[in-house]
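For reference, the chains in residue letters:
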Amino acid sequence: MQIFDIFLLEAVLNGLLLGGLLALLSLGLNLVFGVIDVVWICYAELIMIGMYAIYYFYVVFGWPLLLAMAAGVLLVAVAGAALHQFVIRPVLGAEPINQLLVTGGVLFFLQAAATLAFGIEFKNIGVRLPPIVVGDISFSMPRLIAFGVALAGMLAMYVFLKRTYLGTAIRAISQDRGIMPLMGVNPNRIFIFTSALGGGLAGLAACLLVLQYDIHPAIGLSFGPITFLICVLGGLGNMVGGFVAAFIFAQFISVGGFFLAVEWGYVIAFVFFIAMMFWRPQGIWGGK
Amino acid sequence: MRALPWILLAALALAPLMGMGNYPLHMLIQVLLWGFVYTGWSVMGRLGLVSFGHGAFLGIGAYVVVMLWNSYGISPWIGLPIALVLAAVVALLIGYPCFRFKIVGHYFALVTLALSEIARLLIVALRDHTGGSLGVTPKTDLTESSYSLVAMQFSNKLVWFYIVLAVWLAGLWVWKKVDQSMARLALEAISQEEDAAGSIGINVTRLKLGITLISALMTCVGGALYAQYQAYVNPDSVAGIGISLQMVFGVIAGGMYVRLGPTVGAAFTLLLAESLRLMFGNSLHALDSTIYGLMLILFIIFMPKGILGGALEAIRRKKPMPVSAQNA
Numbered sequence: 006m007q008i009f010d011i012f013l014l015e016a017v018l019n020g021l022l023l024g025g026l027l028a029l030l031s032l033g034l035n036l037v038f039g040v041i042d043v044v045w046i047c048y049a050e051l052i053m054i055g056m057y058a059i060y061y062f063y064v065v066f067g068w069p070l071l072l073a074m075a076a077g078v079l080l081v082a083v084a085g086a087a088l089h090q091f092v093i094r095p096v097l098g099a100e101p102i103n104q105l106l107v108t109g110g111v112l113f114f115l116q117a118a119a120t121l122a123f124g125i126e127f128k129n130i131g132v133r134l135p136p137i138v139v140g141d142i143s144f145s146m147p148r149l150i151a152f153g154v155a156l157a158g159m160l161a162m163y164v165f166l167k168r169t170y171l172g173t174a175i176r177a178i179s180q181d182r183g184i185m186p187l188m189g190v191n192p193n194r195i196f197i198f199t200s201a202l203g204g205g206l207a208g209l210a211a212c213l214l215v216l217q218y219d220i221h222p223a224i225g226l227s228f229g230p231i232t233f234l235i236c237v238l239g240g241l242g243n244m245v246g247g248f249v250a251a252f253i254f255a256q257f258i259s260v261g262g263f264f265l266a267v268e269w270g271y272v273i274a275f276v277f278f279i280a281m282m283f284w285r286p287q288g289i290w291g292g293k
Numbered sequence: 400m401r402a403l404p405w406i407l408l409a410a411l412a413l414a415p416l417m418g419m420g421n422y423p424l425h426m427l428i429q430v431l432l433w434g435f436v437y438t439g440w441s442v443m444g445r446l447g448l449v450s451f452g453h454g455a456f457l458g459i460g461a462y463v464v465v466m467l468w469n470s471y472g473i474s475p476w477i478g479l480p481i482a483l484v485l486a487a488v489v490a491l492l493i494g495y496p497c498f499r500f501k502i503v504g505h506y507f508a509l510v511t512l513a514l515s516e517i518a519r520l521l522i523v524a525l526r527d528h529t530g531g532s533l534g535v536t537p538k539t540d541l542t543e544s545s546y547s548l549v550a551m552q553f554s555n556k557l558v559w560f561y562i563v564l565a566v567w568l569a570g571l572w573v574w575k576k577v578d579q580s581m582a583r584l585a586l587e588a589i590s591q592e593e594d595a596a597g598s599i600g601i602n603v604t605r606l607k608l609g610i611t612l613i614s615a616l617m618t619c620v621g622g623a624l625y626a627q628y629q630a631y632v633n634p635d636s637v638a639g640i641g642i643s644l645q646m647v648f649g650v651i652a653g654g655m656y657v658r659l660g661p662t663v664g665a666a667f668t669l670l671l672a673e674s675l676r677l678m679f680g681n682s683l684h685a686l687d688s689t690i691y692g693l694m695l696i697l698f699i700i701f702m703p704k705g706i707l708g709g710a711l712e713a714i715r716r717k718k719p720m721p722v723s724a725q726n727a
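These protein sequence lines map, in sequence, to chains G and U.
Numbered by this note's numbering, the letters in the first sequence go through residues 6 to 293 in order.
Numbered by this note's numbering, the letters in the second sequence go through residues 400 to 727 in order.
Think of the hints as simulated: they come from the structure by calculation, not from any bench.
C-beta atoms are modelled at their ideal positions from N, C-alpha and C, and glycine is treated no differently.
Not one of these hints is a red herring.
Covered by chain G, per the in silico footprint, the following chain U stretches (three or more residues, Cβ under 8 Å): (1) 515–526; (2) 641–654.
Dumping the calculated SDA-like pairs for lysine to any residue here, alpha-carbon to alpha-carbon at most 25 Å: (3) K501/U to R285/G; (4) K501/U to I279/G; (5) K704/U to I690/U; (6) K576/U to I706/U; (7) K501/U to L616/U; (8) K501/U to I273/G; (9) K128/G to L533/U; (10) K501/U to A99/G; (11) K704/U to P95/G; (12) K556/U to A569/U; (13) K501/U to V249/G; (14) K538/U to L525/U; (15) K128/G to S688/U; (16) K576/U to L564/U; (17) K704/U to F91/G; (18) K704/U to N103/G; (19) K704/U to P101/G; (20) K704/U to R94/G; (21) K128/G to G641/U; (22) K501/U to G609/U; (23) K576/U to A565/U; (24) K128/G to D635/U.
So the derived label-pair ranges between C-beta atoms look like this: (25) L21/G to D594/U: 39 to 45 Å; (26) E592/U to R133/G: 55 to 61 Å; (27) G504/U to Y170/G: 29 to 35 Å.
From just these sequences and the hints, can you work out the full model?
This is the structure:
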C-alpha cells in the first residue's frame, strides 16, 4: 500500500495555506475579545463589507487595486470603531450575553443591508492570480499570499502589543478592566482603538478573500461560524492559541474534504471542536 | 379578571370558524407554531442558558420525521418519537459535558453554535438521502382524500390550526410547570452564581440537563410540525446559525422572562416581516430584514426585556400592586 500519496500531500499543504487564512480571520476577533471581552458575532459581516468596498473602489471607481484595498481596510477599521461606539458601548454594562446578541443583530442588519444595497448577485473583482506549480503539486497563489500576510500580521501584532506604549496599555486593560481607569488610562479610548484595529484586521482578511472568493451578502455565514470556533478552540482572546487552532481546523477541512466531501471536512472539524471543548474547555493553548 | 385569559383563548380558538381567510389563518398558524418553538427555547434561555444550538433540534425533528416517511414509509406518528429520542440523546451528549465542565456564557453559546452548524452540514452532506440544500418534501399521501392521518398530512388548514393551538397551549403549560417548580428557583440561583449554588447542595449538572432536555424536546416537536405543515424543509430553514439566531432574536423581541413573551415575539417578527414585505413588495428586496435587524439592535440596547416584558413593567410601575399580590 502506498502511504505517500501526492494528492494527500497536496491536501495537507493546501490545508496549511488555508490555516494561514483562517488564522488571520481569527486574529482580529481574538484581539477584540481579549481586550473588550465581547464576541463580535458580526465579525465575518465586517469582512463582507470590506470585500464589497474593495469591489466598488477597484471595479466600479477604477482605483488601483492596492489603493482600493487600503481604502477597504480603512473603511472597515472605521466601521469597527463605529460598531463599538454606537452598539457595544451602550450594552457594556448589561449582561454579557446581551453583548453577544447585539452583535448578532448587527449581523442580521449588515447582511440584509448588503442585500438591499448590492443585490444577491455574486460579484467578482476579476483578478485571477496563476497557481504556483512545484513538481506535481500546485499551490493557489492567493492562499500563499494569505499565508504570508497572516504570519506577518501575527508578528506585527505581537511586536505592537509588546513594544509600544499603546500596546502595553491594551494588554494592561485586558488584564484588569477595573483598575486601569484608576491608573489614568481612558478605557473607552483604548476600546475604540482596539475595535478599529480589529476592524482593520477584518479589512485585511477581506483583501485576501476577494482574491479567492466571489462576493455575496451571505458570504459571512460561510466564514463566521468557523472563525468563532477557531477562537474558542484556541482559547478566546488567546492569539497564539487561535493561530494553532486555525491550522488544526484547516487540516481537518482540507484532508477531510480530500477523503470525503467538503461538508464532511467541516462536520469532522466541528465534531472535533465539541470533543475538544470537553477535554480542554479553556482552549488547546490555555494555561491552567 | 381571572376569566379574561380564558375568554381570549376561546376567542382565539373560535376565530378561524368565523370565516377567516386562508392567508390570515396561515399567519395565525405560523405565529402559534413559532411561538411554541420560541417558548421551548426560552424555557432554558431565560435561565441563563443561551443556546445557539436549537437549530439542531429543530432540524432533527423536521428531517428525521420526513426522511423516515419518505425512505421507509414510517408514519410520522412513529417517526416523531424516534426523532424525540434522537434529540434527547444529542441534548444529553452536548449538555452533560458542557454542564459538567462549567461551560457557560459565551462559551456555551459558541459550543451550541457548532452543534447547529453540524446539523446543517450533515443534512447537506447526506444529500443523496436528504436532497441537500435543495430541501425535501414529504411524499404526499393526499391523492385520494384531503387528509391522511397516517402521514400526518392535512390539506385543511383548520385541522393544522387546532393541532398547533393544542401544542402551543401544552408549551405554555410546560412553561408554567417549570416556573412553579423548585427547579426553577435552583436554576435561577445557578445562573446568578453557579459555584455558590453548587455549594448549598444544588445538583447543578442534573438540573441544567433536565431543563435542556425539556427545551430540546419541545423544539424537536416544533420542527416536526413545521415540516409536516409546510410540507417542505431545507437545511437553512430548520438548521444552522441563521434559524438559531432568529429563534433567539424572536424571543428577545417579545421578552423571554414572561410566559407569553416568546409568542408575542413570534407574532411581532412574523407580522413585521409580512407587513414590510406587503408594504414594499418584492421590489426592495431585503428591506424588511434590514429594518428587522435594526430594530433588533435597538431592542437589545434599549428594551432588553422585550415588548411584552417592557409593557408589563411599565403597567406595573404605573399602578402599584395591592400588597397581597406583591407577597404572592
